[in-house]
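Q: Using the hints, position chains B and C against chain A.
Chains as they are written, first to last, in our numbering: chain A, 296 to 604; chain B, 7 to 193; chain C, 113 to 523.
These are computed hints drawn from the structure, not numbers from a lab. A couple of the hints might just be wrong.
[As the list claims (entries may be wrong)] Restraint-style ranges between C-beta atoms, simulated for each label pair:
#, chain 1, residue 1, chain 2, residue 2, range
1, B, L145, A, G386, 41 to 47 Å
2, A, L315, C, P226, 38 to 44 Å
3, B, F108, C, A220, 45 to 51 Å
4, A, M350, B, D172, 52 to 58 Å
5, B, L54, C, A220, 56 to 62 Å
6, A, R353, B, R180, 37 to 43 Å
7, A, W472, B, R180, 40 to 46 Å
8, C, T180, A, G333, 32 to 38 Å
9, A, L467, B, G151, 29 to 35 Å
10, A, S305, B, L53, 18 to 24 Å
11, A, F391, B, L22, 23 to 29 Å
12, B, V149, A, R353, 55 to 61 Å
13, A, A306, B, M7, 17 to 23 Å
14, B, R123, A, F391, 37 to 43 Å
[What the hints assert, rightly or not] Chain A is nowhere near these chain C residues, computed Cβ spacing over 12 Å in every case:
#, residue
15, S222
16, S307
17, D368
Just so you know, these numbers come straight off a predicted model, no measurement behind them. The beta-carbon is built from N, C-alpha and C at its ideal position, and this holds for glycine as well.
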Amino acid sequence: MPDSAVSAGSALAAAGILGLLAVLAAVLDGFLTARAAGGGPSGLSRPVGEVARLMRQRRRTTVAADTLLWRIGSAGLLVMALMIVTVVPLGEWTLFDLDVGVIWFNAMDVLAWAFVWLTGWGANSTHSLVGGYRFLAHGLAYELPLMFGLVAPAVAASSLNVGTVADAQQDLWFVVWMPVAFLAYGTGILAIAVWGPFTPALGTDIAGGVTAELSGVDRLVFQGGRYALLAAGAAFAVPMFLGGGAGPLLPGWAWALVKTGALLAVFVWLRRRLPAVRPDLFMEVGWVVLLPAVLVQDLLVAVVAVWRT
Amino acid sequence: MITHISFWVFAVVAVLSGAAVFWVNSMARASYALALSFIAVGLQVLLLHQNYIGVVTILMMVMEMAVMAVYMVMFMGMNPALMPMNMVHDKRHALAAAVGAFLLLAAGAVLIPWPARRGTPPAGVTVALGEELMGPKMLVMAVVGAVIAATIVAGVVLAAHRTRYDRLGDDLRRRPANDPQPGGVGR
Amino acid sequence: MGLTHSLARYAVRHTHVMVVEVPGHWLTRAAVERHILDRGWRLAPSPGDADVLAVCGTPRAQLAAVVTRLWDQMPGPRARVGIAAPHLVEAALSGAEDELLDVARQQADSRSRPDAPQSPDHDMGAAMNHGAEDGMSHSDHDAHAGHGGMTDEHGGMDHGGMQHAGHGGMDHAGHGGMNHGGMDMAPAGIPLARSGEDRDGLEMDVLHLRLGPALPYWPAGLVLRCSLQGDVIVDAEASLIDPAEHRSGYDAGQADALHQAARRCDNAAYLLALAGWEDGASRARRIRDSLLLDADLAGMTEDLDRLRRAVKRSWVLRWSLRRLRPLTDDDLTRQGLPSHLRGDTRDRLLSMLARAAADLAGSAVRVDRPRLVPLGSIADLVCGLDLGAARLVVASLDLEPFTATTEVVHA
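Next up, chain A with everything else stripped away, as it sits in the complex (with noise of 0.2 Å):
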């Protein structure tokens, strides 16, 4: 029992640290787009503001709306971030320490496919169907090169347990020697969190998107979703890509935090950056350039692999 209530204070603990980074996001985004905007308030209280907006406002449905499959899907993006950061340690504690924890990342991040999807359909909008099949044509072009990115890592470390890929590299990074794994991983997580380049799918072009027809605590909880999926792929990454809790002076924990607060800011940073990369464009740009360059990748690191054994 009093297993139990500890990890029960744990998950809460977790679930806090992930809703603390989304919301540090939502700031730095806030920021960045009143910087560029000029002029007016500074953006730094845009989350809080957009939360008590959004409490506030009424919830609705469209004409024949399929309500049920709808805010599942809105609601869903959120509980796939919460999913992924069970199985990232933080320093030497891991709420879940699963022995095939890297399969569980991408068990868990194809449920975008479905919440994404299915978002844009329960609304029965054109527009929002067009914007959800737009993120599955973004989904064919990534998911297989971020699913062999993160190959890449597991093979060089023997392990599918998180924790011994981020022992693996008190020598060196694997991000150094593998940065191509770590560039489809990057763009993967951007994907799923339907973010910077890929907004395509909640594109203004199309009213919004699968979001056009989402209000009140509804788009709360998507967009809030949008924000804790980049945050925990940013988490993931450093276990994964950066070393995990090594560095000087600080705590392992600590330099967990540090490393990942700053890959979520560079990836807050590029949604300004970067313009949409278009779903028809990208689907073969995809295939034809990052998933053979992420394979190539697979196979140096397989033989560098075999090579030290």
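A: Just chains B and C, lined up with the frame of chain A:
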């Protein structure tokens, strides 16, 4: 104790959501009811300490159902969102066959005198299971996987309406290619 | 009460506004956008996201119906303001703010609304679904019951977004007594689509979707009735909303070089926003605002030049916009398009910025009657493209505001 309770809860969820596939009247709901059923099964497998197989089941099935829902919605000649649609064909026989199969399998699971465990499970359960199932045919299976993938690609290429002559002209010299939807690489 | 009130105050500080521009009022719309951003508010892309509906100018019959429809789709708390001229923006937005904070009023408003969206057998819904196909003659509607069997997945889905915003009241009366062919063939009263051959020769459902007149980053007053297969436009027809109305917007008489340059920057901001490059769009919008406020010209010229170089340098932008609806000289002559639209969409973006710079430098070749883009060619240019690409192409046409002169060209 908790393990037992959750195992049974997942079992009930798996069966009920599996049945829901035929209850609901929209394709999206049917697909995702099936996905939920598979997720419950995957979690059961996790409880059996077959972590890899459990997680891979969830991974594969969610992705499969996502793709299936999309294709069903795209290619079925009905309006699945708005048209309430019956998920059952030939109701009576289907029901009889389904119940019969369920009872047969369940009876098998319950009535067979399973042997008691001798010794302890090995360290790498997944590896041991793979060896047991595939054994010396592992290499063959690995090659077959690649062959299947190649067959799918070849099938699509052969079935495609447009050939390279449509894209690149009779002398294959036209650059950039003439595509109704240009790709992103500029081939 | 105290908590609710401070929550409300906080919420209102981050209001999202949906802006609808009546043709001939783009200067007012630009001022609204500037004030919104100055207040730390945001622009809403759809009524679902909006707290305030800001209508720039006085909408006539068709557009007024659209505005009503948008208003009905807003979740609430909500406020609506009509703004006739740029100098009235500040006061109007403050009024909207007060209205959002007026709890009693918002509660009364929410009580007076139906809980569920109107079912189509009621008056409003009928206009919605039928509007989906109203590009055709009315007699077509009688056929619905007949082809209910061969349907599609998207059948009539387009009642949800803003597109049906376009079906103003025009069809309304005509459908009053229409036969829906039984609810099973038209679930929720939405008729099912019929199918046609797609570009690969396969049978695919055709969905009718209206782009405009109230879409973010869409030329005011333009309505494009599209037939979609998937998200590819297979057929389109362009028209102007309220064409018969006499246009005497605030903009009339504001046509000096500075305004010309500002308009170019506005168009560039639209295109950059649609291309998803937020920083670029913000920069173009800021240059536009400075031009309209008569700020220091030398600085503006430099900013514009810097933006143009940034656009040229961005390789993702080049990758995304190149080879998108390229137009040769022959195409231009055939379609009757002005010469600055030569090249692909990226070339057109650069030429837009170059024209702005030329306007600023005062070196623009002054043509008495600038050659305008004929309406019909807009429809031709988007056929065969998917929605996203079509939006980019329309934005790249660097359209002048649709005013009375357009009709002359059109006719």
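Q: Looking back at the numbered hints, which does the structure fail to meet, lowest number first?
A: 3, 6, 14, 15
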